[in-house]
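The primary structure of each chain is shown beneath.
There are 2 protein chains.
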Amino acid sequence: MLIVQKFGGTSVGDLDRIGNVAKRIAKTKDKGNDIIVVVSAMSGETNKLIGYAEHFSKTPASQEMDMLLSSGERVTSALLAIALQDMGYDAISMSGRKAGINTDGKHTSARISHIKTDNMKKSLNEGKIIIVAGFQGITEDDNVSTLGRGGSDLSAVAIAGAMGADLCEIYTDVDGVYTTDPRIERRARKIDKISYDEMLEFASLGAKVLQNRSVEMAKKLNVNLVTRSSFNENEGTLITKEENIMEEPIVSGIALDKNQARVSLRNVKDEPGIAAKIFSKLAENSISVDMIIQNVGFDGTANLGFTVPENELENSKKIMEKLNAAENLEFDSNIAKVSVVGVGMKNHSGVAGTAFTTMADNNINIEMISTSEIKISMIVDEKYSELAVRSLHEAYSLDERN
Amino acid sequence: MLIVQKFGGTSVGDLDRIGNVAKRIAKTKDKGNDIIVVVSAMSGETNKLIGYAEHFSKTPASQEMDMLLSSGERVTSALLAIALQDMGYDAISMSGRKAGINTDGKHTSARISHIKTDNMKKSLNEGKIIIVAGFQGITEDDNVSTLGRGGSDLSAVAIAGAMGADLCEIYTDVDGVYTTDPRIERRARKIDKISYDEMLEFASLGAKVLQNRSVEMAKKLNVNLVTRSSFNENEGTLITKEENIMEEPIVSGIALDKNQARVSLRNVKDEPGIAAKIFSKLAENSISVDMIIQNVGFDGTANLGFTVPENELENSKKIMEKLNAAENLEFDSNIAKVSVVGVGMKNHSGVAGTAFTTMADNNINIEMISTSEIKISMIVDEKYSELAVRSLHEAYSLDERN
Chain A
0 MLIVQKFGGT
10 SVGDLDRIGN
20 VAKRIAKTKD
30 KGNDIIVVVS
40 AMSGETNKLI
50 GYAEHFSKTP
60 ASQEMDMLLS
70 SGERVTSALL
80 AIALQDMGYD
90 AISMSGRKAG
100 INTDGKHTSA
110 RISHIKTDNM
120 KKSLNEGKII
130 IVAGFQGITE
140 DDNVSTLGRG
150 GSDLSAVAIA
160 GAMGADLCEI
170 YTDVDGVYTT
180 DPRIERRARK
190 IDKISYDEML
200 EFASLGAKVL
210 QNRSVEMAKK
220 LNVNLVTRSS
230 FNENEGTLIT
240 KEENIMEEPI
250 VSGIALDKNQ
260 ARVSLRNVKD
270 EPGIAAKIFS
280 KLAENSISVD
290 MIIQNVGFDG
300 TANLGFTVPE
310 NELENSKKIM
320 EKLNAAENLE
330 FDSNIAKVSV
340 VGVGMKNHSG
350 VAGTAFTTMA
360 DNNINIEMIS
370 TSEIKISMIV
380 DEKYSELAVR
390 SLHEAYSLDE
400 RN
Chain B
0 MLIVQKFGGT
10 SVGDLDRIGN
20 VAKRIAKTKD
30 KGNDIIVVVS
40 AMSGETNKLI
50 GYAEHFSKTP
60 ASQEMDMLLS
70 SGERVTSALL
80 AIALQDMGYD
90 AISMSGRKAG
100 INTDGKHTSA
110 RISHIKTDNM
120 KKSLNEGKII
130 IVAGFQGITE
140 DDNVSTLGRG
150 GSDLSAVAIA
160 GAMGADLCEI
170 YTDVDGVYTT
180 DPRIERRARK
190 IDKISYDEML
200 EFASLGAKVL
210 QNRSVEMAKK
220 LNVNLVTRSS
230 FNENEGTLIT
240 KEENIMEEPI
250 VSGIALDKNQ
260 ARVSLRNVKD
270 EPGIAAKIFS
280 KLAENSISVD
290 MIIQNVGFDG
300 TANLGFTVPE
310 NELENSKKIM
320 EKLNAAENLE
330 FDSNIAKVSV
340 VGVGMKNHSG
350 VAGTAFTTMA
360 DNNINIEMIS
370 TSEIKISMIV
380 DEKYSELAVR
390 SLHEAYSLDE
400 RN
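In order, the protein sequences belong to chains A and B. Just so we're aligned, residue 0 is where the first sequence starts under numbering that gives the first Met the number 0, counting upward by one. Just so we're aligned, residue 0 is where the second sequence starts under numbering that gives the first Met the number 0, counting upward by one.
So here's chain A without its partners, still in its complex pose (with noise of 0.2 Å):
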């Protein structure tokens, strides 16, 4: 088998972790896989950097950031190298260039456009283990970019679905894909196969396992991904294509958000065109709105309410104050996000029905819904929403499989 293995900051944070990831490395190895490695830089690292750049300029040019920063990645990939190296193992780090990583210029958040696979394929053949730099590749001017937030991890999805490999395992500090948050529920299972759709609900939804860029790079790219612990020797999660799952199950955990708030207009002014003005100003200042509902009373007047992200609170009320939209704004951060999430509710009615039962049930009110094919979201008060999780999660019997 050709088996991606990526290693985060913390797995990689210090000399000893260095060492343990190395053996592990070896294990895979000795099992008879060929193996390509991609680390960020040791935890820390990256910050430290940008305090550096910080101390300097408040917007330092993103060109430099990039060869500022991708240089820890690098140190990682030359030490676990020289650590395999030390074990008997053929190894052989490699920069994003040097393996290939080809990206577009936009700076500090590059995207991959291409991967040349010629030097990672020669080493293979070679019998090397070969430890790429992550988070970091190539512009086409020649210079050095990086990939953003998660930028690790988008570089192991690439690279094993340019090479096809038959696995990319992300290593974290967790070991997988719960049913919920286990801090909440502590009967919260792991989940041993979820398909790439679920996956990308849940982490738009709050989990931080996954970002979602590598999970829809896996998915474009067919890429099986696993996450697990680098700390224990625990199965992880598969994430993959719906039809390699055999026996799906309706829902498959239910996930929290508590980094959300509301914004409500009452008596939205009766001008055409009102609501996209809102939702345009928004956008124009990177303000990510989710949830919308609308309705008009009996009265005639409407009422308007969306959610945004917490830390945009505040920017979205500036904007809003401005535009002078409605007779009255009410703003409030003590919401949170509730979802159910299952590939199963597709071809399975009444999972709705249980989710509303069962806040009934316990007194909570539903302030919003939205639902998708696979998900439904539903906003409550933030005191109430690790109630609705753990009954929620009893609800569909979510402990109970194994």
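Take these hints with a grain of salt, some might be off.
Each pair may be met inside one copy or between any two copies, as identical chains are not told apart.
Said to hold, decoys possible - Derived DMTMM-like pairs (lysine to aspartate or glutamate); straight-line CA-CA distance at most 20 Å: (1) Lys115 <-> Asp174; (2) Lys26 <-> Asp174; (3) Lys57 <-> Asp15; (4) Lys121 <-> Glu139; (5) Lys115 <-> Asp141; (6) Lys115 <-> Asp140; (7) Lys382 <-> Asp398; (8) Lys121 <-> Asp140.
In case anyone wonders, no lab produced these hints; they're calculated from the structure. Since the structure is predicted, the reported quantities are computational estimates derived from the model, not experimental observations.
Once you have looked at the hints, place chain B on chain A.
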């Protein structure tokens, strides 16, 4: 003018110092000059990374060491570019590869083969200040390489040569080249101009301002080299062609090297080729022998003496004891080499006489002598070596000129 400025690890040792370096560069730019800057890693960084590598392996692969160690200079170059940009100057950082520094494949001690100047010329034409990560280049196989000790100086000199720079300034923490070590003779005077050949002698005789490799390259490429301090505005020492120096003094300075040890063989065995055997064995073990004297006594017994660097003495002992080439072996590390250097000697007699007379007047025994066209070196008892330096400094009136 096109000026290359090189700043070593101490000069960019922390963020404040990098800020000061930026101001100095800006000042040179404001005078209307084009500037290419070459930087080292922040002091301590390279040693930290070497320590990391040694945690994993006593013999890390040199290619991986280059991947590892080349990161420090990249960080400094990006930070300095950011600092200059924030001051309103158009600056761009370049890795060794981007600056076109091509080397052979000898990792960790690569030699520069040629420099592709396209990228640098393009950026200079755009009015940019170029900040090159020193100490590094790229091999024919497209792997990063490093140039070994003093590598950033080499990068600077090679770039100055390839770009036809008017001046190559090497910034360190000392003001320039002195007639002798000011800690030994406080009347030591900074030399304004000195020829390449004299500087080569000074460098190989223990002066630590510049390494031989850089001076040799400057001589070969005819680069006007200046060594000066980054901590003050004093003019430094210009190292240039002999014909550029109008009035060459007979003696330029006195050098002292205490890191010398002597090996003495009494009653060397009467075997053909015994001396060749000794010196080839030492050469095999990479021990550089400096001075050699041999004499045959009236009774036909031969004595042989030579000097080695002090840190090679233990190794030399083992080799000599194994060779068993003489009846009697003696080792002495309490010696020092005092040298009188000056291009003017070539055309003046009596220089050596003054040296020997001075030593005799001070009752200092000269144990060995070696001379070249432009220097006289004497081995003396280490405890008299500083007295020797001061006496010679006075004898040649080195503190009088201005």
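The hints, checked one at a time:
1. With identical chains, the CA atoms of Lys115 and Asp174 are never at most 20 Å apart, being 32 Å at best within one copy and 50 Å at best between copies.
2. For the identical chains of this complex, Lys26 and Asp174 are intra-copy neighbours only, at 19 Å inside a copy versus 56 Å across copies, given an alpha-carbon limit of 20 Å.
3. In the homo-oligomer, the alpha carbons of Lys57 and Asp15 lie at most 20 Å apart only across protomers (16 Å), although the nearest pairing inside one protomer, at 35 Å, exceeds that limit.
4. In this assembly of identical chains, Lys121 and Glu139 lie within 20 Å of each other by CA distance solely across copies; the values are 17 Å between and 23 Å within a copy.
5. Taking CA atoms no more than 20 Å apart as the test, Lys115 paired with Asp141 passes in both settings, with 14 Å inside one copy and 14 Å between copies.
6. In the homo-oligomer, the alpha carbons of Lys115 and Asp140 lie at most 20 Å apart both inside one protomer (16 Å) and across protomers (16 Å), since each shortest distance falls under that limit.
7. Taking CA atoms no more than 20 Å apart as the test, Lys382 paired with Asp398 passes in neither setting, with 23 Å inside one copy and 84 Å between copies.
8. For the homomeric pair Lys121 and Asp140, the shortest alpha-carbon distance between copies (13 Å) is at most 20 Å, but the shortest distance inside one copy (25 Å) is not.
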